[in-house]
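Participant: Each chain, letter by letter, is given below.
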Amino acid sequence: MRNLKLIILREYLARVRHKTFVIMTFVSPIVIVAMIALVAYLASLNEEEENKIAVKDEIGVFQEYLGTEGNTSFLNYNRFSVDAALDSVKAQDLDGLLFIPDKNLAELNDKVQFYANNSPSKSLISKIENRLSNRITERRLTNANVNLETIKANKTEVNIITENLSGEKTSSLAKYVKMFFGGAAGYLIMMFIIIYGNMIMRSVIEEKTNRIVEIIISSVKPIHLMLGKITGNTLAGITQFLIWAILGGILLIATSFIFDISLGSPAATGSAEIKTSEIQAILADILRLPLGELVFAFVVYFIGGYLLYSGIYAAIGGAVDSEADTQQFIFPVIIPLMLGIYVGFFSVIENPHGTIAVLFSHIPLTSPVVMLMRIPFGVPWWEVVISISILIATMFCTIWLGAKIYRVGILMHGNKPSYKELYRWMKRGN
Amino acid sequence: MQHILEAKGISKKYGDFQALHNIDLKIPKQSIFGIMGPNGAGKTTFIRIINQITMPDQGEVLFDGNPIQPDDIQQIGYLPEERGLYKSMKVGEQVLYLAQLKGLTKKEAKDRLYYWFEQLEIDDWFDKKVNELSKGMAQKIQFIVTVIHQPKLLILDEPFSGFDPVNANLIRKQIIKLKNEGATILLSTHRMENIEEMCDYIALLNKSEKLLDGKIDDVKQDFRTQVFQLSLKTDQKEELESHLKSKFELLPADFKTIAGNWKANVKLPESIAPNQFLKELMPLGTITHFNEVMPSVNEIFIKSVAEHA
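Chains as they are written, first to last, in my numbering: chain A, 199 to 628; chain B, 99 to 407.
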């Protein structure tokens, strides 16, 4: 026990003092913030782009209806023939020509054409389509002597409020909030398992190629060395989390401080009010999430999933002689993690309580990722308990089997073992 | 109890490969015990079994008279042949860490560290990083790590490889000093000169079996070949030579003697004792040199291994 403590301490210090740890802890949040800022900036560039579209409307009832909308303006080109209009569009470098031929309104559905050099964005086209079809529908209704005002007055929009059996209400906005939180948590866990698993593997390989391992295991049992290594690295990971949480907290306080100041300036008041109400709605949705459960599950699934995989990573490190040899063994380890992410993004979000989502949130290799994605949507406690129990049981199995491979592997030098040999090592006695 | 370590019928298999077969060995206290054998003979496996890194399939190991226990590793110091250190750790921290793993408190470890740094003339190394050290320098640190917890049994696998003659001598003196202070040393090496000059006992393993073991002098007795270096002062060398040739086997003389004297290596048959032979020689001239040729460890090694090839 005393030796285990010594090993944990050494591993922890070796990890925390290492250059890459310091860099990853303090530089990567800056990189992430910078990336988000960059994406936001690029997106805003996209919005600022102005579209000018020429319209030749042979029927003559759509022009004013299209109007100007945001950054898109529609220019009246009715005085030109189609060919002349096209030439002009080219000469003036406009974004396209919308041509509405003089046809019966009923036949117009597939006769409208849009000419453009660069294919227009999907959103622009659907916007135009919507406007035209509304206008055509209105015209046809009027032609059929239907009172438009009556229709407008009786139009009813339904926004379904879903409410689960325990009485929690959800809106469609809330669904995105849940997706975001679940997705982020699952993704973080996957990243952490891969990053910290690799660290363990590298540290095992280092000891093995250093040849210090034989000196150490003449003092301690290999399983203690392995457990000490895993624990030391886990603690280093938790330290990193804590530092990030503190940094994030400081960052949050700082931004809200800046945000307060901008609210104070009179010019921004109007838009800021709208933003505030949106932010409040999102905040309310966030607060409505099972946050306590989410945090608790994150910690449990992180530790459980991480320990489960670290047993495998340690075994791989023990089995090979150099990092170059790890590829063939690493690949099958990453597959279930990737699978978890894909199942999460495609299946959980579509149907958080469907068969596939439920199944994969119980398979221990994928459950840390998938279950975390499900939890914001509300998962019965007993399902979480079963999933965690399976995870922990499997964790002990992988560490136990991993230790068997590790114990034999660290004293083997030379050729890279095959899967068959690894299986033999597992069966071997002391 | 006169043996620090007793191995009884140790066997070990790796898959189909027999690494050790029914090995019995007794290592007396306060001795230097040389273990020899060609590559792949099973030395490392045997050493790992003593260190409880691997467990034997059959047989048992007694340490100081009792079946070996996990706690006994604190009484053993092991310097593996393939040895290393953490490259990015400071020398001092590293020695303290490894010493604490062997059961020392931090305080004890520190005191002894300074003693040993002084003994090996490396007083100012505490804050050096291992990757700044040369191979020989790192070897010194590894030696300190092996002995710092004052083990009763020291297992040294090729302890001199990598050292220059000055440092090899420094280490050799320390090993002998440790023995005189009461430690037992199990020395595994391919350097026969080290075995010859340091060891009290030897054992020879070959292809998983023990070929021989015992006090080095006794083993040499067993391998005596009844060959004697002989030199005589005489005027009738030809007559002498043909006379001896007719009765004994003469071998070329490979030793130095007084210039001009007749010399040869003579192999005596079992039936003739040296004194009897001398009696026969006396009338033939003045005997200036008569010396039994003792086999070297090197010869014993090669001969025994060749016999079991």
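Source of the hints: derived by calculation from the structure; they are not laboratory data. Misleading hints may appear alongside valid ones.
[What the hints assert, rightly or not] Calculated Cβ distances over 10 Å to all of chain A for the following chain B residues: (1) ARG181; (2) GLN198; (3) ASP262; (4) MET290; (5) LYS331; (6) LEU366; (7) HIS387.
[Said to hold, decoys possible] Only pairs whose alpha carbons sit at most 30 Å apart, straight line, appear in this in silico DSS-like list of lysine-lysine: (8) LYS618(A) x LYS111(B); (9) LYS419(A) x LYS277(B); (10) LYS305(B) x LYS419(A); (11) LYS111(B) x LYS419(A); (12) LYS203(A) x LYS226(B); (13) LYS625(A) x LYS111(B); (14) LYS203(A) x LYS188(B); (15) LYS419(A) x LYS318(B); (16) LYS205(B) x LYS419(A); (17) LYS217(A) x LYS226(B); (18) LYS419(A) x LYS233(B); (19) LYS205(B) x LYS233(B); (20) LYS208(B) x LYS217(A); (21) LYS401(B) x LYS419(A); (22) LYS305(B) x LYS124(B); (23) LYS217(A) x LYS227(B); (24) LYS419(A) x LYS313(B); (25) LYS250(B) x LYS208(B); (26) LYS250(B) x LYS188(B); (27) LYS127(B) x LYS250(B); (28) LYS127(B) x LYS203(A); (29) LYS111(B) x LYS203(A); (30) LYS305(B) x LYS614(A); (31) LYS614(A) x LYS127(B); (32) LYS419(A) x LYS335(B); (33) LYS217(A) x LYS250(B).
[As the list claims (entries may be wrong)] So the derived label-pair ranges between C-beta atoms look like this: (34) GLU219(B) x MET222(A): 39 to 45 Å; (35) ALA382(A) x TYR112(B): 45 to 51 Å; (36) MET610(A) x GLU390(B): 43 to 49 Å; (37) LYS305(B) x LYS625(A): 45 to 51 Å; (38) TYR621(A) x GLU390(B): 54 to 60 Å; (39) GLN526(A) x ARG322(B): 55 to 61 Å; (40) LYS203(A) x GLN319(B): 51 to 57 Å.
Being a predicted model, the structure only gives us computed values, none of them experimental. Virtual Cβ for every residue (Gly too), placed ideally from N, Cα, C.
Participant: Taking only the CA atoms, is the gap from LYS203(A) to LYS188(B) under or equal to 30 Å?
Facilitator: 20 Å, holds
Participant: For ARG181(B), is the shortest CB-to-CB distance to chain A above 10 Å, so the non-interface label stands?
Facilitator: Violated, since 6 Å does not exceed 10 Å.
Participant: Next pair to validate is LYS205(B) with LYS419(A); report whether the Cα-Cα distance is within 30 Å.
Facilitator: 24 Å, holds
Participant: Given the hint that LYS111(B) pairs with LYS203(A), does the C-alpha gap stay at or below 30 Å?
Facilitator: Since the Cα atoms of LYS111(B) and LYS203(A) sit roughly 34 Å apart, the hinted pair is violated (cutoff 30 Å).
Participant: Hey, LYS305(B) versus LYS124(B), does the alpha-carbon distance stay inside 30 Å?
Facilitator: 20 Å, holds
Participant: Please settle this one: HIS387(B) was flagged as non-interface, so is its CB more than 10 Å from every CB on chain A?
Facilitator: The claim holds: HIS387(B) sits with its nearest Cβ about 50 Å from chain A, beyond 10 Å.
Participant: With d taken as the least Cβ-Cβ distance between ASP262(B) and chain A, does d exceed 10 Å?
Facilitator: Its Cβ never comes within 10 Å of chain A, the nearest being 21 Å, so this holds.
Participant: When you check the alpha-carbon spacing of LYS203(A) and LYS226(B), does it fall within 30 Å?
Facilitator: 25 Å, holds
Participant: Under the criterion that the straight-line Cα-Cα distance not exceed 30 Å, is the pair LYS250(B), LYS208(B) satisfied?
Facilitator: 20 Å, holds
Participant: Would you check the hint for LYS111(B) and LYS419(A), treating anything up to 30 Å between C-alpha atoms as holding?
Facilitator: 21 Å, holds
Participant: Is it true that MET610(A) and GLU390(B) lie within 43 to 49 Å of each other by Cβ?
Facilitator: 48 Å, holds
Participant: Please verify that the nearest CB of chain A lies beyond 10 Å from LYS331(B)'s CB.
Facilitator: Holds: least Cβ distance 60 Å, greater than 10 Å.
The structure fails hints 1, 2, 15, 21, 24, 28, 29, 31, 32, 33 and 37 (numbered hints given earlier, in ascending order).
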